[in-house]
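**Q** The chain contents come next:
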Amino acid sequence: MDMTIKKRSFLEIFTPRDILWTLILFIGSIIAWQVYQDEMDIYEVYILFGTALSAVWLGWYWRSFQTFSYVVTAISLLAIWMYARNDFDYEAQNDVFLLKYLISSQAAIMWMSFLVLVSTVTYFFALFRDSAFIYKLSTFIAWTAATLGFVGLMVRWKESWLIHPDYGHIPVSSLYEVFILFIVMTILMYLYYEQKFKTRAMGGFVMIVMSVSVLFVLWYVFDRQAHEIQPLIPALQSWWMKIHVPANFVGYGGFSIASMVGVAMLMRLAIEKRNPNNGLLKALPSHQIMDDIMYRSIAIGFAFFTVATILGAMWAAEAWGGYWSWDPKETWALIVWLNYAAWLHIRMTKGWHGAPMAWWAIIGLFITTFAFLGVNIFLSGLHSYGEL
Amino acid sequence: MSEQKKISKPSRKPNVWLEFLGSMNLAITLLVMLAIASVIGTVLQQFQPVQDYIIKFGPFWYEVYGSLALYDVYGAAWFMIVLLFLLISTGVCVTRNTPVFIKDMKEYSEKLSINALKHQPNHTQFAVAGDFEQQKAYATEFLKHEGFKTRINQRDDGSVTVAGLKGHWNRLGYFFSHISIIIICIGALMDSNIYLKYFELTGSMQAETRSVPLSEVDKRAWLPPSNFSYRGNVNITEGRDADVLFLPWNEGYLVQQLPFRIEVKAFRIDYYDNGMPRTYESDLLLYADDLDEPIEKTIEVNHPLYYKNYAIYQSSYGDGGSLVNMNVHALASPIVSKTEIESAINRHESLTTPAGRFRVEFSDFKLHNIVPRSEEDALATGRKMKNNGPSVLFRVRNEEGRAWEYENYMIPDEQEGRWFYMSGVRNAVSEPFRYLFVPADDLRSKKRFFEFLALVNNAPKADRIYRQAMPKPMEMERANYETHMQLMQQLVKLFRETGFDGISRFIETNVPQDQQQEVASFYFGQLANALQTLYLHVLEQEGVPINSQGDISETHQVWFEDAMTAIASLNRYGPPLFFEMTSFDQRWSTGLQITKSPGKDVVYFGSALLTLGIFFMFYVRQRRVWIHLKRNGEQTDITIAGRDNRKLPETDKEFEKLVTNFRA
Ligand code: HEM
Chain E
0 MDMTIKKRSF LEIFTPRDIL WTLILFIGSI IAWQVYQDEM DIYEVYILFG
50 TALSAVWLGW YWRSFQTFSY VVTAISLLAI WMYARNDFDY EAQNDVFLLK
100 YLISSQAAIM WMSFLVLVST VTYFFALFRD SAFIYKLSTF IAWTAATLGF
150 VGLMVRWKES WLIHPDYGHI PVSSLYEVFI LFIVMTILMY LYYEQKFKTR
200 AMGGFVMIVM SVSVLFVLWY VFDRQAHEIQ PLIPALQSWW MKIHVPANFV
250 GYGGFSIASM VGVAMLMRLA IEKRNPNNGL LKALPSHQIM DDIMYRSIAI
300 GFAFFTVATI LGAMWAAEAW GGYWSWDPKE TWALIVWLNY AAWLHIRMTK
350 GWHGAPMAWW AIIGLFITTF AFLGVNIFLS GLHSYGEL
Chain V
0 MSEQKKISKP SRKPNVWLEF LGSMNLAITL LVMLAIASVI GTVLQQFQPV
50 QDYIIKFGPF WYEVYGSLAL YDVYGAAWFM IVLLFLLIST GVCVTRNTPV
100 FIKDMKEYSE KLSINALKHQ PNHTQFAVAG DFEQQKAYAT EFLKHEGFKT
150 RINQRDDGSV TVAGLKGHWN RLGYFFSHIS IIIICIGALM DSNIYLKYFE
200 LTGSMQAETR SVPLSEVDKR AWLPPSNFSY RGNVNITEGR DADVLFLPWN
250 EGYLVQQLPF RIEVKAFRID YYDNGMPRTY ESDLLLYADD LDEPIEKTIE
300 VNHPLYYKNY AIYQSSYGDG GSLVNMNVHA LASPIVSKTE IESAINRHES
350 LTTPAGRFRV EFSDFKLHNI VPRSEEDALA TGRKMKNNGP SVLFRVRNEE
400 GRAWEYENYM IPDEQEGRWF YMSGVRNAVS EPFRYLFVPA DDLRSKKRFF
450 EFLALVNNAP KADRIYRQAM PKPMEMERAN YETHMQLMQQ LVKLFRETGF
500 DGISRFIETN VPQDQQQEVA SFYFGQLANA LQTLYLHVLE QEGVPINSQG
550 DISETHQVWF EDAMTAIASL NRYGPPLFFE MTSFDQRWST GLQITKSPGK
600 DVVYFGSALL TLGIFFMFYV RQRRVWIHLK RNGEQTDITI AGRDNRKLPE
650 TDKEFEKLVT NFRA
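Chains as they are written, first to last, in numbering that gives the first Met the number 0: chain E, 0 to 387; chain V, 0 to 663.
Check each hint, because a few of them may be wrong.
Covered stretches of chain V (in silico footprint by chain E; criterion: 3 or more residues with CB under 8 Å from a CB of chain E, positions within the stretch not fixed) [unchecked claim]: (1) 24 to 33; (2) 265 to 274; (3) 585 to 596; (4) 609 to 621.
Below, a list of computed lysine to any residue pairs in the SDA-like style, where the Cα atoms sit at most 25 Å apart [to be verified]: (5) V:K445 with V:V359; (6) E:K241 with V:P276; (7) V:K296 with E:G321; (8) V:K652 with E:W59; (9) E:K157 with V:P276; (10) E:K99 with V:L378; (11) V:K365 with V:H347; (12) V:K652 with E:Q194; (13) V:K629 with V:E655; (14) V:K196 with V:S228.
No lab work stands behind these hints: they were computed from the structure.
All of these numbers come straight from a predicted model, not from anything done at the bench.
For glycine and all other residues, C-beta sits at the position ideal for the given N, C-alpha and C.
Let's have the full structure, built from the sequences with the hints guiding it.
**A** Here is the structure:
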């Protein structure tokens, strides 16, 4: 036995890829700061560099995120370059072929919607056929959907400035925009778990929630023209929005994944009861893995949701004069939070597993959906800018 | 879980109450109860007027819900009690668990027997060659390298256990996140209105329910500046100041005396091109006794003014009593006549007219009215929105108390190349406005319309004009001619009083059915004839050239049709008065929200702890490893055991990897 302890060298821990990634983010955020510093207040500068640091860390932790970011950046820059060639005319999206059909924000989002629906079908097809190839294809489609969705958001950000400089804002302000954000974030979180647990069998289940969201988005676009970019009302003109909203959607994403894994788990339990030799049982991951994904996604969801709620309270204190007003949206955030706190307690201290926790996670999704959407439809309050 | 066993095994005297208060079942029940109460509070609209509830639920259920305090859930006693129990429960839980957890945090359990090691969730045993001391040093070094803190136990039999511990912060996570709940609740309690509730219960405080000037407000509705925490609103007109706040309370309000005075120098608002407000801001001066110079600051939404432990927010805006000057035109008078009034928003004026006495209440003024253009218009102009200019909103109430609400625009609006002065009217706030379109004349004024209308109202003068324009033909009988003249008079009168519909109705009730059509076309012909005659007279007076056939330009013809439409609808326009805004002087008032919130920092501190605690709990894993080394001749027997405080799928793999690394 070799009795010396090998210290891992720097290059073993950080590959050249990681170093490149760090450099690019470092330089990129400095360029962004230089170019846009007139538009930013000090908090927004912190947020910019904070985001860059988090992205550096995320890229180290999850290498696929690096590739994803490169592709998103490249396509977004291409779209912006095309606008630039047309004197930054917002209407160019109706004339330039590539913008019109592929990478203007609206086109990219429509492609994302289509691909989400397709991947739902292919994931399930792969599950029932147990086909590795179709699984891989589904994963690729899901990655493409997330990429185009993210491109859609990035380009939309630029487009809001093109319509009128007064209109410019990060696209996390309307119900339409946050729905896209939700879809992209949840797909990414799912893809992470897919890699980590080396199972693609959950894909179809998670994509069901994404498909329902996509159908809602499509209805919202075609019936209500929700995709039209509107300027920000004064209460939303705040850097708090930039962190509060995305944090919330990590929460919602985690809760959605947990609930759909819950559905898969219930399905597995039902099949086991009826026909223990059913081939699907081999295709679906074990209880233990599903239980664990469920726990992890609720944990990360809960952590981020806590942060988001606290940030929301701090923002409310600055915009409305009180950190807590029992406004329906706030109250429902509390309800969601209490619900998952109870879930976590039961699991951590009573060690419950299996069907009851799965059911609870599914009910949790309904509560979350009401907080996300139902409040805007049925209840009015200070948050009423998100009204349908 | 192993901790749970420790927790539920009371170390000292078993106390049933403490056991109950600290139990997980109670905690979860309370969490769920809070959630359900919160749902009720959002689904059932809070603080609505009593009548609304009675209409919605009926008197019986209104009482039942009322006795459960469901109209103010978050202020209800039972809600407070649930919160209190949660506090106590969490408190008990924290005090009981923390010592156990702290002990666990510090413990390396290096003295565990070899047998106990073999019962750990992960363990393995093997033998290696090599020097014992060297092995021992290696084991310690190895664990340190893997990120563990170590402690060594030299046993009596010469064997050694190196115990490693990693992620002990996890245990602090529990403490942080749970103590933070208590801290947050205390902060929230500091900012709640329980003191006011107490004062109300003891009768030393009572809300004012009347809208009266400040000086007449009930003394018991005043709160002193020493009040511990509050959050209220005040509207201040530009150029004025205030040193009080209004706190909504039950059906009325309380008046909070402030320890400083706020003066509003100016208010500004800026709009997007679609008419949405873009920013609004107020220039404030804050005077306080201990300030030599007033604090000067401009506040806007999301950028409040902080002063000591007070915060002053821009929360709303409104009209602060803009001055408006109006001309009131009589609509039923036979001569053009008007009265002038000078007033302001939020004031009322009494008005005596031949049509009766009225009270005019001015309620709002708008400088801009930005509305979407019609599609063709947008294409033609290349702009999506247009500005209809200033408008004034007011109510006219007659002596019986019946009221009409009007929305009058100051400048004319273009529609298909013609210009109209718009005035909306409605009988109830719930209705949409019905618009009267007064056509503008060649000079874009309402002068011609009022001239024409006065003539329509003036029967004797109209009669002279008809006779002049249509002298009796030689061959016609005098009596026939007189009937004709009379018919025109009556038709015009009927039209003026009841519109086109009125004439149709008249024919339907007075003419046999088979002749109705014929009579209708004759009557409408005669009406048009009469009105046209009057119109030509008005044009002539204006000096518009007209040829001998009485031909007029297309524009003038269209104006006539628009005027007929307008006059036909006057019977539904309310009292016969037209209010024309002639000038204004806009005054804004800014809506400030002022808070004194001593609990805020406490809540924020608690929130920070909560966040930290949750991340420690979820993302710091507490792991233990033991490496037991025992001399066995030339060889060393090694036992490695591991335990993760939370068993995860990767736990086993990580342990295997650790062992492989160790052996490598
Ligand atoms: C609003 C109140 C509470 C909230 C939001 C809350 C939240 C949490 C959270 C998020 C966890 C983490 C679960 C995990 O480690 O995955 C936890 C754990 C725990 N809670 Fe609470 N809790 C609350 C009240 C209580 C009360 C009243 C008790 C006492 C009965 C309690 C006892 C525990 C225990 C024993 C754990 C397990 C700690 C561990 O094993 O690491 N909690 N709590």
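**Q** Run every hint past the structure and note whether it holds.
**A** For each hint, the structure was consulted:
1. Using a Cβ-Cβ cut-off of 8 Å, 5 residues of the stretch 24 to 33 of chain V lie near chain E, which meets the minimum of three, so the contact claim holds.
2. For the stretch 265 to 274 of chain V, the assignment as covered by chain E holds, since 3 residues bring a beta-carbon within under 8 Å of that chain's beta-carbons and 3 suffice.
3. Counting residues of the stretch 585 to 596 of chain V whose beta-carbon sits less than 8 Å from any beta-carbon of chain E gives 4, enough to reach three: the coverage restraint holds.
4. For the stretch 609 to 621 of chain V, the stated coverage by chain E is satisfied: 6 residues place a CB nearer than 8 Å to a CB of that chain, which reaches the threshold of 3.
5. Our distance criterion of 25 Å between C-alpha atoms is met by V:K445 and V:V359, whose separation comes to about 22 Å.
6. Proximity of E:K241 to V:P276 is assessed by CA-CA distance (about 21 Å); at most 25 Å being required, the pair is judged to hold.
7. Distance restraint check for V:K296 and E:G321: the Cα-Cα separation of roughly 20 Å lies within the 25 Å cut-off, and the hinted pair is therefore satisfied.
8. Taking the CA atoms of V:K652 and E:W59, the gap is about 21 Å. The hint holds against a cut of 25 Å.
9. About 22 Å separates the Cα atoms of E:K157 and V:P276, which keeps this hinted pair within 25 Å; it holds.
10. This hinted pair checks out: E:K99 and V:L378 have alpha carbons roughly 22 Å apart, not beyond 25 Å.
11. The suggested pairing of V:K365 with V:H347 holds, with an alpha-carbon distance near 18 Å, which does not exceed 25 Å.
12. Distance restraint check for V:K652 and E:Q194: the Cα-Cα separation of roughly 17 Å lies within the 25 Å cut-off, and the hinted pair is therefore satisfied.
13. With a C-alpha separation of about 21 Å, the suggested pairing of V:K629 with V:E655 holds against the 25 Å cut-off.
14. Taking the CA atoms of V:K196 and V:S228, the gap is about 13 Å. The hint holds against a cut of 25 Å.
Of the numbered hints listed earlier, not one is contradicted by the structure.
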